[in-house]
Amino acid sequence: MAMTVRQRARVSRSVQYGLLALAVVLFILFADWASIGKAFFNWDSAVKQFPEIITLALKNTLIYTALSFVVGLSGGLLLALMKLSSVAVWRWIATLYIEFFRGVPALLVFIAFGFGIPTAFGVRFDIYVTVMLALGMVAAAYIAETLRAGLQAVPKGQLEAARSLGMPHWRAMVSIVIPQAFKIVLPPLTNEVILLTKDSSLVYLLGLAASQYELTKFGRDGITQPNAGLTPLVIAGACYLIITVPLGILARRFESRTAKTKG
Amino acid sequence: MTESTSSAAAKQIQAAGVSIKDLRKSYGANEVLKGIDLEVAPGEVVCLIGPSGSGKSTLLRCVNLLEKPNVGTIHVGGFESTDPDVDIDKMRRKVGMVFQQFNLFPHLSALQNCTIAQTKVLKRSQADASDVARKNLARVGLDHLADRFPDQLSGGQQQRVAIARALSMDPELMLFDEPTSALDPETVGDVLAVMRNLAKEGMTMLVVTHEMGFAREVADRVVFMDGGVVVEEGAAEQVVSAPTQPRTKEFLRRVLDPTHIDIAE
Ligand SMILES: Nc1ncnc2c1ncn2[C@@H]1O[C@H](COP(=O)(O)OP(=O)(O)O)[C@@H](O)[C@H]1O
Ligand SMILES: [Mg+2]
Numbered sequence: 001m002a003m004t005v006r007q008r009a010r011v012s013r014s015v016q017y018g019l020l021a022l023a024v025v026l027f028i029l030f031a032d033w034a035s036i037g038k039a040f041f042n043w044d045s046a047v048k049q050f051p052e053i054i055t056l057a058l059k060n061t062l063i064y065t066a067l068s069f070v071v072g073l074s075g076g077l078l079l080a081l082m083k084l085s086s087v088a089v090w091r092w093i094a095t096l097y098i099e100f101f102r103g104v105p106a107l108l109v110f111i112a113f114g115f116g117i118p119t120a121f122g123v124r125f126d127i128y129v130t131v132m133l134a135l136g137m138v139a140a141a142y143i144a145e146t147l148r149a150g151l152q153a154v155p156k157g158q159l160e161a162a163r164s165l166g167m168p169h170w171r172a173m174v175s176i177v178i179p180q181a182f183k184i185v186l187p188p189l190t191n192e193v194i195l196l197t198k199d200s201s202l203v204y205l206l207g208l209a210a211s212q213y214e215l216t217k218f219g220r221d222g223i224t225q226p227n228a229g230l231t232p233l234v235i236a237g238a239c240y241l242i243i244t245v246p247l248g249i250l251a252r253r254f255e256s257r258t259a260k261t262k263g
Numbered sequence: 001m002t003e004s005t006s007s008a009a010a011k012q013i014q015a016a017g018v019s020i021k022d023l024r025k026s027y028g029a030n031e032v033l034k035g036i037d038l039e040v041a042p043g044e045v046v047c048l049i050g051p052s053g054s055g056k057s058t059l060l061r062c063v064n065l066l067e068k069p070n071v072g073t074i075h076v077g078g079f080e081s082t083d084p085d086v087d088i089d090k091m092r093r094k095v096g097m098v099f100q101q102f103n104l105f106p107h108l109s110a111l112q113n114c115t116i117a118q119t120k121v122l123k124r125s126q127a128d129a130s131d132v133a134r135k136n137l138a139r140v141g142l143d144h145l146a147d148r149f150p151d152q153l154s155g156g157q158q159q160r161v162a163i164a165r166a167l168s169m170d171p172e173l174m175l176f177d178e179p180t181s182a183l184d185p186e187t188v189g190d191v192l193a194v195m196r197n198l199a200k201e202g203m204t205m206l207v208v209t210h211e212m213g214f215a216r217e218v219a220d221r222v223v224f225m226d227g228g229v230v231v232e233e234g235a236a237e238q239v240v241s242a243p244t245q246p247r248t249k250e251f252l253r254r255v256l257d258p259t260h261i262d263i264a265e
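The listed protein sequences correspond, in order, to chains A and B.
The first sequence maps to residues 1 to 263 in this note's numbering.
The second sequence maps to residues 1 to 265 in this note's numbering.
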């Protein structure tokens with residue numbers, strides 16, 4: 001007896017669910033829960049992380065992220081405007097910058113700002129300034145492309161209407177075009193913040209004082225304690241999720257809102 | 001909207017004239033305007049008619065320099081807008097522009113649409129700007145919707161806000177580029193009524209339109225363009241009802257034929 005399309009789809013779905021359930025059951029039955037618990041979910045070790053993981057590490061992660069986002073956003077806006085400029089030199093400089101900082105690993109930029117530039121120029125940056133510059137300048141390259149797309153998505157008639165009212169170009173951009181562009185790029189911009197949050201872990205390279213530890217460094221420090229296992233890293237990971245999951249939800253909310261106003 | 005409130009809110013309009021001489025404009029090898037001469041006296045209403053692609057929008061956009069002419073001179077009010085040293089932004093304050101697609105600022109309320117250029121360009125105080133904006137929203141019959149955002153307004157209401165926005169800068173000349181072409185038929189009348197009042201108040205108006213009834217009733221003069229040249233111009237009644245040129249006749253026959261479906265660009 002031949003099955004209808006709908007019947008076949010239902011059978012196929014049941015088989016998929018069945019296989020998945022089987023895999024989960026096998027894992028639960030045969031995994032060595034004692035050692036897994038010891039490695040990842042050690043209660044005593046977990047308790048020891050608090051409250052500093054929140055009051056210090058999470059706070060520093062947020063500070064590093066926020067600082068570099070401010071630099072990334074202002075730098076990105078500047079680069080996006082340069083990229084759309086009628087002056088060719090600005091476009092070239094912006095393109096060069098964007099290609100460079102998107103093309104090299106953020107880790108190398110950190111090393112350059114943490115060690116290379118201070119040695120070469122005999123300057124000494126505060127740790128916060130280093131993070132701001134290194135992470136911010138990388139972020140600026142990505143954000144620039146996002147913002148450029150947003151600026152170009154604002155209908156040309158908006159600029160023309162603003163100019164027709166006697167606004168100079170810069171004023172029309174500031175009061176009319178850029179606010180609309182920001183609304184358009186809010187979802188991708190939120191995703192940039194998520195990436196930045198995770199990339200802020202790269203500061204560990206710089207050699208931090210204990211008061212400057214952020215989540216990853218704090219977690220890595222935690223696992224060096226006797227019998228800690230990897231639990232401190234699990235907790236640090238959970239803390240990242242506390243930041244990034246709500247941001248992801250926010251981004252999706254923005255997305256559906258823009259979709260609604262468009263449709 | 002009543003006639004009495006709209007004219008009561010209006011103040012004395014200082015109207016400017018336009019003088020266009022041998023205006024030429026090309027996009028690449030495509031010459032869109034092939035030597036246009038056009039005079040509009042202060043307070044005069046001129047309707048521009050012609051088939052799609054004949055260069056009407058381009059002509060209008062050249063007057064406030066949204067497009068840069070290749071050849072020719074344009075005088076607007078006291079400005080020679082084709083002078084390379086002209087202060088474009090200052091010139092544009094005297095020239096209001098109304099677009100087919102309204103181009104209201106979607107992130108601002110109707111009132112803010114009407115105040116933003118006043119405060120940022122004319123440096124009026126927020127209070128003064130709001131007063132002027134409300135007066136002009138009343139003038140177009142929409143003072144009760146001042147706090148709505150563009151997406152909460154019908155097409156006809158949006159276009160009337162766009163007119164109020166332009167009027168809030170106290171222009172001496174108004175340019176309309178097919179202001180009713182993107183509207184639902186039932187809201188066209190409100191927009192035309194606003195324009196009719198404006199004409200009565202003595203505003204200089206240059207209007208691209210396919211509304212022949214409006215042209216015949218309101219315009220002092222009608223100019224028919226085709227292929228980047230002025231083919232025929234004269235008193236509204238004469239051009240619309242008794243055109244002399246074959247191309248004008250052909251165009252009007254198509255526009256006025258109710259069974260003909262005009263595809264707006
Ligand atoms: N920005 C532009 N670039 C190239 N060609 C254009 C541009 N704007 C208008 N044109 C061309 O100029 C001609 C006249 O256009 P337009 O002034 O919009 O005519 P109308 O408003 O009378 O329909 C058309 O052939 C159009 O394709
Ligand atoms: Mg047109």
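For the record, the hints were derived by calculation from the structure and aren't laboratory data.
Every value quoted in this text rests on a predicted model; they were computed, and no experiment measured them.
It is possible that part of the hints are untrue.
[Stated by the list, open to error] Covered by chain A, according to a simulated footprint, are these stretches of chain B (three or more residues, beta-carbon under 8 Å):
| hint | region |
| --- | --- |
| 1 | 43 to 57 |
| 2 | 87 to 95 |
[Unchecked claim] For the chain A half of the interface with chain B, some residues (derived, Cβ under 7 Å), not all of them:
| hint | residue |
| --- | --- |
| 3 | Glu160 |
| 4 | Met167 |
| 5 | Ile176 |
| 6 | Pro179 |
| 7 | Gln180 |
Even glycine gets a Cβ: it sits at the ideal position worked out from N, Cα and C.
Hint-by-hint comparison with the structure:
1. Here's how the region 43 to 57 of chain B fares: 0 of its residues keep a CB closer than 8 Å to some CB of chain A, so the rule of at least three is not met and the hint is violated.
2. Evaluation of the coverage hint for the region 87 to 95 of chain B: fulfilled, as 5 residues show C-beta separations to chain A shorter than 8 Å, against a requirement of three.
3. At about 6 Å, the closest approach between the beta carbon of glutamate 160 of chain A and any beta carbon in chain B falls short of 7 Å, and the interface hint on this residue holds.
4. Look at methionine 167 of chain A: its Cβ gets to within about 6 Å of chain B, closer than 7 Å, so that hint holds up.
5. With its C-beta approaching chain B no nearer than about 6 Å, isoleucine 176 of chain A sits inside the 7 Å limit, and its interface hint holds.
6. Against a cut-off of 7 Å between C-beta atoms, the interface hint on proline 179 of chain A holds, since the closest Cβ of chain B lies about 5 Å away.
7. Of the supplied interface hints, the one on glutamine 180 of chain A holds, with its beta-carbon coming within about 6 Å of a beta-carbon of chain B, less than 7 Å.
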